[in-house]
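Trainee: Chain residues, written in single-letter form:
Number of protein chains: 2
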Amino acid sequence: MARLSLYQQVAAALRRAIYTGELAPGDQIPTEADLMETYGVSRNTVRLALGELENEGLILRMRRRGTFVRERRPLLMRPQDEFRYLEQGEPRFDSFVHAVTAEGRKPDQRIEVSIVEPSPDIAARLALPKGGLAVVRRRLRYVDGRPYNTNDSYFPFDLVAASEIARPGNITRGANRVLEELGHPQIRVVDDISARMPTADESQRLRLDPGTPVIVHIRVGYDPEDTPVRVAVSVLPADKHLIRYELERRRH
Amino acid sequence: MARLSLYQQVAAALRRAIYTGELAPGDQIPTEADLMETYGVSRNTVRLALGELENEGLILRMRRRGTFVRERRPLLMRPQDEFRYLEQGEPRFDSFVHAVTAEGRKPDQRIEVSIVEPSPDIAARLALPKGGLAVVRRRLRYVDGRPYNTNDSYFPFDLVAASEIARPGNITRGANRVLEELGHPQIRVVDDISARMPTADESQRLRLDPGTPVIVHIRVGYDPEDTPVRVAVSVLPADKHLIRYELERRRH
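So the sequences go chain by chain: A and W. Take the first sequence: its position 147, counted from the start at 1, is 147 in UniProt numbering, and no numbers get skipped. Take the second sequence: its position 211, counted from the start at 1, is 211 in UniProt numbering, and no numbers get skipped.
Hints may contain errors.
[Said to hold, decoys possible] Listed next, with one range per pair, are the computed distances between beta-carbon atoms:
| # | chain 1 | residue 1 | chain 2 | residue 2 | range |
| --- | --- | --- | --- | --- | --- |
| 1 | A | 162 | W | 9 | 26 to 36 Å |
| 2 | W | 183 | A | 204 | 50 to 60 Å |
| 3 | A | 116 | W | 33 | 53 to 63 Å |
Think of the hints as simulated: they come from the structure by calculation, not from any bench. Heads up, the beta-carbon is just placed ideally off N, CA and C, and yes, glycines get one too.
Turn these sequences into a full structure, and let the hints steer you where they fit.
Mentor: Right, here's the structure in full:
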């Protein structure tokens, strides 16, 4: 049986209290002095333990106010859902809206539509010709009134110029359905997932706590000719999101 | 064979030079003017090509100093590969080893096997009874001699106690194959992906630069009875890894 170091034991005890609900979201964690006495350990050990829990996103240390159990309900994102809806030909449902309402929370979003010469990365992913333009639909998304994540979807300008995709405002049946109607259904997607620290702009727009990384999820959708017809870039604050994929083994 | 656009051809030439080592880590990439002359292309094409390589994590553009081959290229992880190998019944191939060797780099790993009472999170995912034990195979993985990521696989003790999984050392045909032989093939997996700042311990073991987040990839494998038989936790430094999933739309 692997032995835990002292600070790991303290962290484990606190973690258990949080996971079992003994310490609930919003509750204050006992002070360092209290924890030193409770566990008979040094201040340094208490700090290492709290540092561990902070890194796991379980607690939030606020200067002068104390340490609290985080409101920790990461939103479960299922990137396969969007694709499933397309398969089933169901009324198209925004997968973010679906994820949020499934948790009994209230989604909202602001959309800005513009025509841009995209960054080299996006241009490359869309296989645009030199100087090629894209329509981008930028979304800032809210949950229960708080900014939550961003989702920017790029489309080749030539492909969508005459469609609703290039016009401002929401598309009730979804941009993916419009692509289908234009003769470019997405039959394959490639999802790239990475993480990094946020830019200053992202920190501000998404009101991130200091030290919160973001997960970047980039989906490229291909039509039956293997032409990329959409690039969707989601920036997901790591303290508020969890991404889940489910894979089934094919029968022989 | 799909035709490559001009900038993709330039990107491909530079990529080849980097992968073959003609351009080594830390080397300066020729200036835009030099590249324009070498390949007889416009500045925009050069920029698109460099943007492509930057996005792949191969090069680093530094203001006023120029463009350099990155010290560390992000390793492309394809979590679906492990599952594909299982499907095809091919000789089992560690997907990390596969990803690394595919890039012409040298993989290595150290494995420690122990019996533990796992954290509440792992215990819950493995559906262990109260106080239940797990065998954990902890791997610290290296690429070209540098620590790169960790992968800890947990198995219910009662299931694997008598098998190779509970014994120290590498299992050439893979632990997944051993689970199959024990009558518990994994026919479904659920992958949870999140990100956070590293713990102090992870920073040290993985020699992380300050401010580098980690991606946490947790795979739970289920047998035909829908019993969880394995939980694999990978901790992937965000500056060195990219995760990719590919999804195909099923035909109606």
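Trainee: Each hint: holds or not?
Mentor: Results of checking the hints against the structure:
| no. | hint | result |
| --- | --- | --- |
| 1 | A:162 / W:9: 26 to 36 Å | 32 Å, holds |
| 2 | W:183 / A:204: 50 to 60 Å | 55 Å, holds |
| 3 | A:116 / W:33: 53 to 63 Å | 27 Å, violated |
The structure does not agree with numbered hint 3 stated previously, though it agrees with all others.
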